[in-house]
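Model the full assembly from the supplied sequences, consistent with the hints where possible.
Chains as they are written, first to last, in my numbering: chain A, 1 to 432; chain B, 433 to 728; chain C, 729 to 1066.
Just so you know, these hints were derived from the structure itself, not from any lab.
Among the hints, erroneous ones may be present.
[As the list claims (entries may be wrong)] Cβ-to-Cβ under 8 Å is the rule here; a few derived chain B residues that face chain A:
1) R466
2) R599
3) K620
4) Y623
5) A624
6) T625
7) L626
8) L629
9) I630
10) E636
11) V637
These numbers were taken from a predicted model, which means no experiment stands behind them.
Each residue gets a CB set at the ideal place from its N, CA and C atoms; glycine is no exception.
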Amino acid sequence: MAKYFDVIIVGAGPAGSLAALKLARAGLNVCLVERGQYPGAKNMFGGLLHNTPVLNEMLPDFWERAPLERHVYKKVLAFMTPESAVSLTFENENFEQPPYNGHTVFRPAFDSWLAAEAVREGALLLCDCTAEDIIKKDGRVAGVTVKGREGTLRGNIVIAADGVLSFMAEKAGLRKDFKAKNMGVGIKLLLGLPEATINERFHLVRDEGADISFVGTTGGMGGGGFLYTNRESISVGMVVHLDSLKASGKAPYEVLDELLQHPQVRKLVKGAVPLEYSAHLIPEGGFTAMPQVYTDGMMVAGDAAGLCYTNGINLEGINLSMTSGVLAAETAIKALEVGDYSARTLSLYKKKLDESFIIKDMKTFKNAAGMMHLERLSRTYPQVLAGILEKLYRVEGMPRSKLLRLARKEALKEVGLKNLIADGIKIGRALL
Amino acid sequence: MKIIVCIKEVVDPALSLDFGLSNRVVFREGLPLRLNPNDAAALAMALGLKSPDEAAQVEITLISIGPERVESYLKNGLALGADRAVRIWGEDFTNLSSHQKARLLTGALSFYGADLVFTGAMSLDTGNGQVGPLIAGWLGLPCTGDVVSIELDEEQNSINLTRDAGRGEREKVQCPLPTIITVRGEGKLPYATLDRLIESKSGEVMLLTPADLGISNEELHNDPTRVTDLVYPRPRPRKVPPLDSSLPAFHRILQLLEGGISKRKGLMLKGSSEELAERLFELLKEEGVIRPATGP
Amino acid sequence: MARTRNIWVLPEINGNGEEISKLSLGLLTEARYVAEKVGGTVTALVLGDQTQDYSDVLGRHGVAKADIFQDPLLQNFSAEAYAAALLPRIQSEKPWLFLMGHTTIGRELAPRLAALLGTGVISKCAKIELSEPESPKFYRPVYGDQLFQEVIFQTDNTMLVTMDPQFLNVSPAARAGKVRALTIEPNLTAESIKTRHLDYLPADFQTVDVTDADTVVSAGMGAATDELLPMVEELAGLIEGAIGTTRPVVDGGKISRERMIGQTGRVVSPEFYLALGISGATHHVGGIQDSRKIVAVNRDPRAPIFQSSDVGISADLKDVLPKLIERIKRAKNNGEIL
Ligand SMILES: Cc1cc2nc3c(=O)[nH]c(=O)nc-3n(C[C@H](O)[C@H](O)[C@H](O)COP(=O)(O)OP(=O)(O)OC[C@H]3O[C@@H](n4cnc5c(N)ncnc54)[C@H](O)[C@@H]3O)c2cc1C
Ligand SMILES: Cc1cc2nc3c(=O)[nH]c(=O)nc-3n(C[C@H](O)[C@H](O)[C@H](O)COP(=O)(O)OP(=O)(O)OC[C@H]3O[C@@H](n4cnc5c(N)ncnc54)[C@H](O)[C@@H]3O)c2cc1C
Ligand SMILES: Nc1ncnc2c1ncn2[C@@H]1O[C@H](COP(=O)(O)O)[C@@H](O)[C@H]1O
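Shown next as structure tokens:
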């Protein structure tokens, strides 16, 4: 077996594995290096694999073969105050058709499966191998060393797909120090619940799934909560900004506990058995906090490149990771064709990213990170909304005020006109 | 000499303690899997018998009963110097009992033949520790448990073993081959070099089914015990030292919540590191940890 | 057909054949509970080369019969010899239930007997449930005590069970009974026993169980670094202390699991407990409460461990350890200490 590779990929997450698959299909010699005992062993996320065109393209029948939990049919947006919840539910029959609008998955199962697809096409997967440093030759990245193991892995191009803390990008000098304000922390609790109970409670049939986003559940911290249904369990969690978490002086699980204690959430998780608790960092700086994504002999993909964003409602990461992985692979294929692995050739990767939906989305949501920090979004507006609806629905033998007037009154009471306008602009810019 | 090492993948209980595993839901996320530490120790011990100059004389076969996933441990074993890897699996296998595993392994032992069989003393997750002695019982072989070190005495065709006899005692025993030993220890396997790791990827793992081993379904399912349920244990009452009744109620509750951790005086020593080392030294003497020489 | 439900127990004799181990008294208690529930008698099996008379203790713990197996080859434990001695007796008497400790002896002997008898073993059992006396349920901890398996026997053969010592309680019978003793000479042949005992190495501070040690030197994350751990080991050697540790160190694979102290580890009660680089989480401190003296070294002056120690030293181990070791060595060399 080869000991010199066309491409070495560090990290068998979604970004790395899809890149490996693409390269292996092109008949190249790829080595995929993963620190876990198996791909996905220690990976976690909220649970939603969004509809991703590159995945559909590369593995058109993936929803038949991949280990998926449920396809997302029902999307709910819930604005919460301590005692009430205002929910918007969106159901669309199109979500019922392949390739579907997204699936809930478990990372250990999904990541292993995806990596195995790459291996099937000829990629070499080395698990239990933590890349430790990059090797440079003539000033260009030419391989990696592996912690505790004698020998080196050498190749023409290295793709760093090693996740949010990317030591590879750091070693290559592509990344600046992390700032807490660019980081979010995701906290999740997996709760076991019988399949029938889930179906009944969330009004689902067969393998339909629900995706609920909570706004206003973070105790005033920037961030939001989520609940996804799996086949026989539900994932409940939240993403909060690292700096606001720090400022609150709370432990992550305390924040999660508050969400679980919310009367509306409590109903949804009633009788469930806690299975696992986990926490993970998320690059949330958005477009403005992205590192440089290529250098001589190396490209950075997925979370490692800061390609993950949240607009407070959607948390997208896997789809961006996989897309960037494929774009990096395409670039590598080009570079290998011309036999030039310099930054100049690899700059094609940046260009591809810029043209893809990734960067377009990232730019669109450039201000989302700022918006997430808006305390009013997560605290005040849910209160306003709930206040309006409470007045609207409560029968008190008095004429109801007109909705809009009511809304304005409530909002003004809580927020003040100036802030209301400023926030309106901010949110509008971020989301619309 | 033919050696067989039986290895098993376990769920590492250390990592999921906080929230427990569930009996109702297939636990699929973040399942912390690893090679059973005792088995890693066994493998390390077996590999240690293979000195480079007489490599040809010691042949190591690794056997694991498990799904395809366990091939990673087998291949890693190959990368570390084992000669052959075998995986045993049947379509309908789930949660095999020690008895069933011992049946299958007995079949495999007869198939490959062995002078020396290593198993772990027990597994980290289900902790039965029956496999080695059961096989020995069926095959009429001696079996030494809780072995911590081994020396080969090839001329006499026997081995000298040191075993953990409990409470810190060790026992030395001698045993003729063929024999079975169960190994105790944490077992840190070395990392295979990258070159060997890459080579082992193309190494073959032989897959055997019960039928290949001449074991019928009936035989396999004829199991004297059966696991009927998996339940959460009732918390065991913890010993709590008497609460300090002079404290206000709130503080007594706090004390209870802390699991009755009683506070101690907490005298803090200060000084330079020389002074502190000296104070510690004196303390050790005062407490009788180190004994002053008698006499003036 | 109702069968008499006789319960057999294998008590273990401590050290030099002096007394029945505490664990075994727990086994006898368990056997008595079972016997009372299902209506059977308890038989104790005592194996050795010239066994003493234990009738007193056995009687106090509700044993009705004692089978004393005497043979020179039973001097030291050997699963082969024990199995050879017991097998004919089990085959003729057909006990309903046979309890052993989940100890070195039980772990080796029970499965061997099971193989020879064609029955099965339930090992490391924590609890026997007898609401239906004819089909007892056995509970055994798995996944680090997080869950219990409920296991049953599906055979009419003798049920072999090894009991987890940490779940046994000792409580003598209300009335001491008379023990009917029977001496059996199994006449074992040397050829039938292949394993040969050579020697016992007594416990020393390096091998001693942390729960048995007088001095424990515990290395937490702050002391288990590549740089410091060798020094901690050297210190432990010098003051003959058993090494203990905390969970993250064990999880990191630096020190073996059986040396982990705390709520999910061992509970220790040494004369002197030296906590090096340990923060003092309640999970850990819960396991050292009964130590006579606790001394902690931690560079963080606010580390909770100081709340639970008699003497606290806030200093960096990198500075203090080498000096302490140096000091002890000097004292040894100049004859100041032994
Ligand atoms: C709580 C939470 C909820 C989320 N929810 C969602 C969601 O619902 N939907 C969504 O699309 N996204 C979500 N995300 C984001 C998503 O998880 C990430 O964007 C995505 O996993 C990034 O994929 P990746 O391949 O770039 O990196 P990763 O998935 O982080 O993979 C990196 C891989 O590299 C390996 N690795 C790291 N360092 C090394 C090394 N030195 N040597 C070898 N291997 C190494 C790791 O073991 C890992 O397998 C969520 C994130 C969090 C934290
Ligand atoms: C359900 C559960 C059960 C658990 N059971 C146990 C158990 O049984 N036993 C157990 O031990 N733990 C247990 N834990 C883990 C426990 O909560 C703590 O995490 C653990 O005890 C901390 O170990 P530590 O003190 O070694 O490490 P840390 O908390 O990391 O502390 C290291 C300390 O070393 C100090 N230090 C660092 N460098 C130096 C230096 N150079 N010089 C001096 N001081 C230094 C630091 O100031 C720090 O205080 C359990 C946890 C859970 C969740
Ligand atoms: N699935 C398996 N495959 C191979 N060996 C096993 C397997 N299960 C148990 N063993 C061996 O038997 C020993 C004791 O296991 P257990 O009875 O599960 O505690 C282990 O340490 C292994 O050496």
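> Which of the listed hints are broken here?
Replying inline: Going through the list in order, the structure violates hints 2, 3, 10, 11 and respects the others.
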